[in-house]
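First to last, the protein sequences are chains A and B. The numbering of the first sequence is my numbering, which starts it at 6 and goes up by one. The numbering of the second sequence is my numbering, which starts it at 1232 and goes up by one.
Please note that the accuracy of each hint is not assured.
[Unchecked claim] Computed list of lysine to aspartate or glutamate pairs in DMTMM-like fashion (alpha-carbon distance at most 25 Å, straight line):
| # | chain 1 | residue 1 | chain 2 | residue 2 |
| --- | --- | --- | --- | --- |
| 1 | A | LYS166 | B | ASP1418 |
| 2 | A | LYS210 | A | ASP236 |
| 3 | B | LYS1239 | A | GLU187 |
| 4 | A | LYS158 | A | GLU144 |
| 5 | A | LYS88 | A | ASP139 |
| 6 | B | LYS1530 | B | GLU1417 |
| 7 | B | LYS1467 | A | GLU144 |
| 8 | A | LYS166 | B | GLU1419 |
| 9 | A | LYS160 | A | GLU187 |
| 10 | A | LYS160 | B | ASP1502 |
| 11 | A | LYS79 | B | ASP1418 |
[Unchecked claim] Which bits of chain A does chain B cover? Going by a derived footprint, with three or more residues having C-beta under 8 Å, they are:
| # | segment |
| --- | --- |
| 12 | 129-136 |
| 13 | 216-223 |
[To be verified] Chain B side only, calculated, beta carbon under 7 Å to chain A, not exhaustive:
| # | residue |
| --- | --- |
| 14 | PHE1252 |
| 15 | GLN1256 |
| 16 | GLY1357 |
| 17 | ARG1410 |
| 18 | SER1414 |
| 19 | GLU1417 |
| 20 | SER1512 |
By construction, these hints were calculated from the structure, which means they are not laboratory data. Quick caveat: nothing in here was measured; it's all calculated off a predicted structure. For each residue, glycine too, the CB sits at the ideal point set by N, CA and C.
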Amino acid sequence: MKKIKTPLLKVDSVGIQFGGLKAVSDVNVELYPGELIGLIGPNGAGKTTFFNLLTGVYVPTEGTISLEGENLKKLPPYKITQKGISRTFQNIRLFSELSVIDNVKVAYHSLSKHGILSSIFRMPIHFKGEKEMDEKAIEFLKIFNLDQYKDEKAKNLPYGKQRRLEIARALAANPKLLLLDEPAAGMNPQETHELMNLIALIREKFDLTVLLIEHDMPLVMGVCERIYVLDHGQLIAQGKPEEIRNNPKVIEAYLGEEVS
Amino acid sequence: MTTIKRAKGFWLSISLSLIFFAVVQVLIGGGSLNPFYQNTLMFIGINIILAASLHLIIGITGQFSIGHAGFLAVGAYASAVMTMKLEMPFYAALIVGGLASALAGLIIGIPSLRLKGDYLAIATLGFGEIVRIMLLNIDYVGGASGMQVSHLTTWPWVFASVIVTIIVIRNFTSSTHGRACISIREDETAADSMGINTTYYKVVAFAIGAFFAGIAGGLYAHNFYIIQPSNFGFLKSFDILILVVLGGLGSLSGAVLAAILLTVVTTFLQDYPETRMIIYSLVLIVMMLYRPQGLMGTKEITSMFKRKGGSSHEKNKNTAA
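Isolated chain B, as found in the complex (with noise of 0.2 Å):
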């Protein structure tokens, strides 16, 4: 009985989210949203997958990685060489983007996920400089110059990536295999003692992780005219950071909440370009002393509503967003 249940308000969340598609299609097509909100509502969608893919890393499995930037610049560039240099199509140029960073996230999972807290961040945190040194002196790619890329992201592309994204990390983490990395994260050693293989759990939710920030990588490449290694560097690993740890670790909710609100508020505040990080750290300072489990804890919206007895139908509304 619970299954029908949840699945009606899967149903439910997927066409409110189509009806919230369908409307923000109507508004670009008739040009009432302009250039600006559009490319708004474009970081939105690209910083919610990066948030819901660093999630899974972070806050179901437990792996402290700041090293997401470097997964988002090898999406970036691999489907950018997709399309540019080869003439593939968009959809296959992201799914190649995608299988790039999953690849890489193999690469560098299998020796450095060996490695606990403290260490494993600075792993992480290299081979992200790694990435974008090698993309600094590979010629074919443009160099430190950058590379040329023809604008192809759409709001249909960013609308769907989101939707297939969330739905993928929540049906993961949802299932015995998400319980098996959660385990790892409450406590590695108990974890090991029934009958995990840690190692295993550990580098598939950092191989799935880098697979959706490669995707992002792909369409944050097309959003562009051009991207350049110094879009990539540790700080745009940071933000990536903050919007996971913001947002609450371990709710894909929250993830996806805080990617909404920090993209509108970094947004707004380029119209103050000179107070503009002072009011952003001072947001986060804020925010870390007053609700330091982040905005949603570790709970989802939909287990709010459970409890009052009502359906999800909100939590989609604001997962399309």
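Bound-form chain A, shown alone (with noise of 0.2 Å):
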């Protein structure tokens, strides 16, 4: 059913080369609007490389992007953002100095009505703007439970509140494609289950299509609806959990080749 649809992201024989080096190669990947998929691979696979294809941190040397039918190459990453795709990032990088507040108002930026002169001659204009981005920044933090730590520095929060805290911070930027890259590395367990949990309420939330790396891997065949698998900057497989799971060219990635 869902197939009817127009892709939301559509990547086209997309690839990157660095010198001599083939980091992703002829990537053909489509997401349809509200899909939960798994990127796996091996380390070194392309992965994170791929993440930054999709969000203009690289400029591909081959193929197109485009969402929604809109082309996005050579945009640079902050029009990318404004477009509707944000992410996380495999170490966390939050604003660590700034409060957990503070961190999400910075992605509220881009669509904020006030400018410089109105806020250097504090007009009436900036002090609307500004309460309207804390009191949306106070209702979104309640979403996350980050709101009594709304005034902390973000670098004092626990590593599993961290992680929340740049998920909240990429859904502020208000994206239609949400990005995560390893957001459980570093979990424990009970960090994992409630990070599952948190995945399961944005998308029903924010109407939301997410795209997500992760190595661990019951996670990732519990809660995606479709796998891509990446190896040597190639796509090597795609399809349902249990496909992949059984998938010989998979096992082979992983576990390398049987010894005959």
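Given two chains presented individually in distinct reference frames, assemble the corresponding complex, making use of the accompanying hints.
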């Protein structure tokens, strides 16, 4: 039924070459609205590079990426975020000296309407804009159970909450597509469990499409509807979790070739 | 409610600083403040403007620029040309000096702000030297022998400029635009991925910083009777940098405090010319050993009073001085 819809994100034979090294080549991915998709692969397979291509950190040397039919090629990262793709990072990249609430407010910045001069001269529109941001951010933090920490510096939060804040910040940018780069890395089972609930919650609440890189197989197999597998920069498999689990190519990529 | 409270604190600080201004003005008028102290006061004001403007570039936006003397020079010469050659009034000269400097900031900022860290530092250092050497070779402004300037800088001008600088930089910093700049300092990649146009904000911070350095240049030029390119060498850039680092990177009140302290220290050390630089350097070394985060760290004086439930009335006593 989903296939009838037009894809939200269409990645058409995308690749990138660093000097002589093809980090990613000929990758085709289609994401449909509302899907939760996993992207897995051994270390160094090019998963994060693929994320960097989607978000404009790297410009693909071949192929095209389009969001809702609009070509994203050569747009700078901040424009791509404004178009509706936002992400979290493998190693947390919060604004550590800023307070929790200010981290979220930075994501609202591109939607703000008061200009630099109105802030310098403290015109009414400045106060109105800042107040709206403040209220929105507090409401937002409540969803993530982070509102009691709002004035705490981001770096002082425990690890699991920092991950949660990073996801909250990415969502505050109002994306259509959310990219999560190993959200469960370094989490204990309890935190991972909470994270899975959180992902389910935000999908429902924000009407999102999620693409998730993860090494935690139970998590990926448990929540993702479809999975793409990357190895050596190439897509080697795609399909439903149970298909992936039994795919000989995938098993080979993870465990090596069987000795015959 | 918080905005009302904040506005109250603001007006309180303004009125306190106005009282400070009036007291000094009366002292100068009554002749109880001799020219030496008056001159020190001017220098403190000029250094506060310089420190606050560099604070915006380094402390807030995290762009390590060490060519601030270049902006000071552009402002100084532009405003001196205005008053001496074109016979414009002083206030217009100050504004032209600021605008010329901001323009220089844009011209140097747009290409060089793609660079990061050490590379940007070297590029801006180069900019400062280019300005100095160009001034050295332009006969219109007197070349190496310098340019005569009449003494127009007075206490009210310095005071007004300091207040405007501090208010503008503070208002900019504590808005969504300031947060955008801080996010660049904290993590540029993440800021980019949050939809912040990082290049734009780096250039804006650079231009605003350069503008106020230009204003400071105008005040500086008209405080002497002569300006020479050698006043604006890279050592001057380092003097300004020291103010910002000593005050605490990221703290406006720290930068202001450091500007006051160091200007007073250097002024009084002038009586001991043999040991002056040794004592000055020792002060800096001891400071960095025991308080590497600077006088204020990243905190502001106002936040210290907020914690204790008090108001912010002490702040502008310092900022006004």
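Let me make sure I understand: some of the numbered hints might not hold for this structure. Which ones are they, in numerical order?
Per hint list: 2, 3, 7, 10, 13, 14, 15, 16 and 20 violated.
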